[in-house]
Structure formats: structure tokens, C-alpha cells
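Mapping to the working numbering: the sequence shown position 64 is 64, numbers consecutive.
Be a bit skeptical, because a hint or two may be false.
[Unchecked claim] Below 25 Å or equal to it, Euclidean Cα-Cα: the simulated DMTMM-like pairs (lysine to aspartate or glutamate) are:
#: 1; residue 1: Lys103; residue 2: Glu28
#: 2; residue 1: Lys3; residue 2: Asp13
#: 3; residue 1: Lys55; residue 2: Glu28
#: 4; residue 1: Lys80; residue 2: Asp57
[Claimed, not checked] Label pairs and their in silico Cβ distance ranges:
#: 5; residue 1: Asp13; residue 2: Ser72; range: 21 to 29 Å
#: 6; residue 1: Gln107; residue 2: Glu60; range: 36 to 44 Å
#: 7; residue 1: Trp29; residue 2: Gly49; range: 29 to 37 Å
Derived by calculation from the structure, the hints in this document are not laboratory data.
Built from N, CA and C at the ideal position, the CB exists for glycine as well.
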Amino acid sequence: MAKPIVVTDNSFDQEIKDGLALVDFWAEWCGPCRMIAPILEELAQEYEGKLKVLKLDVDENPKTAMRFRVMSIPTVILFKNGEPVEVIVGAQPKRNFVARIEKHLPQA
């Protein structure tokens, strides 16, 4: 069963370089981050094989957070082949994440 993958400043670029990757910029102390965590777990399972779901702790990995100008958390960025294509700031319902992801999936 797919789960979100924890990434660091060191592993980040390697994980996002190919295909679609949804990255959750979060911190342990952030209430809204905890609210969306179960949604991201569901997305990791539902889109297994089509999308990577990654989690980056901004307190432990400030370089990557600064690089993408993450000013408030949760910020979720969808990357396509290493390039950011969607940015979602704040806690959102699952349908908002799904709508953003679906726009970038290859059409069957």
C-alpha cells in the first residue's frame, strides 16, 4: 500500500525529477498540516503508480522550503518532471487536490 514518502533537502530533487510528485511542505506543530495528512495518505494510495506523494518537514529542511518560497504551511506543490505546476496553500478539501492532480495526468 502506497504511503507518502518523507524527503529531505538532500533527497528532494531526486524524488521530483520524473513524472508527477505532490509535495506537502509541513511541520509537526502545524494543525492544518495534520488536518490534510489523511487526505494525502488517501491520494498516495489512489494514485499509486501515477503520482508520488512526498512530505517535507520545513523545520528540518529549510533550504528546499526557501527555494520554493514556502511562506506558510501547509503548502502543497505539484511538480511535473521537476517543475512546479500547481501550488495549493492552506488546508483544502480532498476534491481540490484531486482537481489539480487530474489536470496533469496523461489522458487515456
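Status of each hint after checking the structure:
The straight-line distance between the Cα atoms of Lys103 and Glu28 is roughly 30 Å, outside the 25 Å bound, and the hint therefore fails. In summary, the hint linking Lys3 to Asp13 is supported, as the alpha carbons are separated by about 19 Å, within the 25 Å threshold. Among the hinted pairs, Lys55 with Glu28 is consistent with the structure: their alpha-carbon atoms are about 11 Å apart, no more than 25 Å. A distance of roughly 21 Å separates the Cα atoms of Lys80 and Asp57; the hinted pair therefore holds under the 25 Å criterion.
Between Asp13 and Ser72 the beta carbons are some 23 Å apart, a value that agrees with the proposed interval 21 to 29 Å. Remark: the range hint 36 to 44 Å for Gln107 to Glu60 is upheld by a beta-carbon distance near 37 Å. For the pair Trp29 and Gly49, the beta carbons lie near 33 Å from each other, so the given range of 29 to 37 Å is met.
Violated hints amount to a single one, hint 1; each of the other numbered hints is respected by the structure.
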